[in-house]
Amino acid sequence: MIVIYHCYGGTHSSVMTAAVHTGHLSTEGPPSNGDIKRLPYFDRMDGKDLGKLCYYGQDEKGNQVYIMGRKSFSESPEFVFRSLQKLYNAEQTYKLVNSARTLNWQMKLGGYISRGLGYKRIGLPIVLWGARKAYPRVVSLAESIKKEV
Amino acid sequence: MDETALAGLSAYLHTRRTAHGELDYRQSLPFLDLPEHLVDAGKDKDGNQVYGLWTRADPKLIQGLIESFLSINSIPADDYELRRVTHRGRLVLISFFFRHGLTIFARKLLARWRGHWTSVAGID
Chain C
70 MIVIYHCYGG THSSVMTAAV HTGHLSTEGP PSNGDIKRLP YFDRMDGKDL
120 GKLCYYGQDE KGNQVYIMGR KSFSESPEFV FRSLQKLYNA EQTYKLVNSA
170 RTLNWQMKLG GYISRGLGYK RIGLPIVLWG ARKAYPRVVS LAESIKKEV
Chain W
136 MDETALAGLS AYLHTRRTAH GELDYRQSLP FLDLPEHLVD AGKDKDGNQV
186 YGLWTRADPK LIQGLIESFL SINSIPADDY ELRRVTHRGR LVLISFFFRH
236 GLTIFARKLL ARWRGHWTSV AGID
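Here the protein sequences line up with chains C and W, keeping their order.
Residue numbering for the first sequence follows this note's numbering, starting at 70 and increasing by one per position.
Residue numbering for the second sequence follows this note's numbering, starting at 136 and increasing by one per position.
Hints should not be assumed to be uniformly reliable.
[Unchecked claim] Only pairs whose alpha carbons sit at most 30 Å apart, straight line, appear in this in silico DSS-like list of lysine-lysine:
#1 W/Lys195 with C/Lys117
#2 C/Lys121 with W/Lys243
#3 C/Lys130 with C/Lys216
#4 C/Lys130 with C/Lys189
#5 W/Lys195 with C/Lys155
#6 W/Lys180 with C/Lys155
#7 C/Lys106 with C/Lys189
#8 C/Lys130 with C/Lys155
#9 C/Lys117 with W/Lys178
#10 C/Lys155 with C/Lys177
#11 C/Lys164 with C/Lys106
#12 C/Lys202 with C/Lys189
#13 C/Lys164 with W/Lys195
#14 C/Lys106 with W/Lys180
#15 W/Lys195 with W/Lys178
#16 C/Lys164 with C/Lys202
#17 C/Lys215 with C/Lys121
#18 C/Lys216 with C/Lys202
#19 C/Lys121 with W/Lys195
#20 C/Lys117 with C/Lys189
#21 C/Lys215 with C/Lys140
#22 C/Lys155 with C/Lys117
#23 C/Lys177 with W/Lys195
#24 C/Lys215 with C/Lys177
#25 C/Lys117 with C/Lys202
#26 C/Lys106 with C/Lys155
#27 C/Lys155 with C/Lys202
#28 C/Lys140 with W/Lys195
#29 C/Lys106 with C/Lys130
#30 C/Lys106 with C/Lys140
#31 C/Lys216 with C/Lys140
#32 C/Lys189 with W/Lys195
#33 C/Lys177 with C/Lys164
These are calculated hints, taken from the structure and not from any lab test.
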């Protein structure tokens with residue numbers, strides 16, 4: 070199965086959740102700022118690749134994990150994939166997960182300053198503060214999806 | 136593909152399933168009232184299967200999603216061609232009404248401005 074985590078820019082909450090799902094981040098306690106900053110794609114996507122899948126890794130069961138940015142259109146990925154699945158009668162199964170539900174106000178504000186306005190030096194520390202606070206929710210989402218797939 | 140039902144209409148016009156000028160756009164083609172849908176418009180004169188897909192989202196996102204789906208299902212790029220409906224001239228206002236769910240007004244304008252928008256649908 071293919072698991073796709075999607076959020077506004079595909080660069081904060083989806084990256085964190087995919088990292089927990091694939092074992093890049095431990096489920097035990099919040100990671101350090103350095104660990105989060107070193108994650109592939111973290112605070113790097115700028116919304117130009119809307120809807121494009123970025124491969125993140127594989128989980129223990131062999132499920133492939135991807136991340137994706139979709140702006141505020143959280144329902145569209147499901148609709149497009151479902152329609153095309155029906156059309157092509159495709160065998161590949163997938164699960165689309167909206168990871169934006171793990172966001173807190175610090176991640177939203179920091180993300181806007183860093184990616185939206187381009188002031189990374191101001192925005193990134195706020196995102197990291199929020200990311201560490203939101204970590205239990207991120208772990209909980211990743212674990213529940215891992216159980217499902 | 137588009138963010139409005141103009142994608143379905145363009146697909147139908149492309150395959151001549153709907154001959155321009157023969158329809159009363161105020162009532163026909165029920166799919167025009169849907170905010171998101173995928174319609175099968177049949178085959179065009181060259182034998183290509185034509186579909187219209189629309190959902191309320193940034194057109195770049197729709198294109199990205201379609202390409203992503205096709206790539207994870209290993210469907211070769213030669214097998215399909217994506218075309219976006221271009222909104223120019225009077226279609227700008229028609230698409231505005233579609234986008235905001237005001238399909239009654241969009242349909243009325245489609246009927247009223249019949250001769251002014253066929254060539255700008257991005258398909259023909």
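Quick one, are C/Lys164 and W/Lys195 close enough, alpha carbons at most 30 Å?
Holds, at roughly 22 Å.
For the pair we were handed, C/Lys117 and W/Lys178, check the Cα-Cα distance against 30 Å.
Roughly 33 Å between the alpha carbons, so the hint for C/Lys117 and W/Lys178 is violated.
Taking 30 Å as the top limit, are the C-alpha atoms of W/Lys195 and C/Lys155 close enough?
holds, 22 Å
Mind checking the alpha carbons of C/Lys215 and C/Lys177 for me, to see if they're no more than 30 Å apart?
holds, 25 Å
Are C/Lys216 and C/Lys140 close enough, with their CA atoms no more than 30 Å apart?
holds, 27 Å
Given the proposed pairing of W/Lys195 with C/Lys117, does the C-alpha separation stay at or below 30 Å?
holds, 9 Å
30 Å Cα cutoff - pair C/Lys202, C/Lys189:
holds, 19 Å
Restraint status (C-alpha distance of C/Lys106 to W/Lys180 at most 30 Å)
Judged against 30 Å, a Cα distance of about 54 Å means the pair is violated.
Are the Cα positions of C/Lys130 and C/Lys216 separated by 30 Å at most?
holds, 10 Å
Between the alpha carbons of C/Lys106 and C/Lys130, is the straight-line distance 30 Å or under?
holds, 27 Å
Take a quick look at whether C/Lys164 and C/Lys202 sit within 30 Å of each other, Cα to Cα.
holds, 26 Å
For the pair supplied as a hint, C/Lys121 and W/Lys195, is the alpha-carbon distance within the 30 Å limit?
Since the Cα atoms of C/Lys121 and W/Lys195 sit roughly 10 Å apart, the hinted pair holds (cutoff 30 Å).
The structure does not agree with the numbered hints 2, 4, 9, 10, 14, 26, 27 stated previously, though it agrees with the rest.
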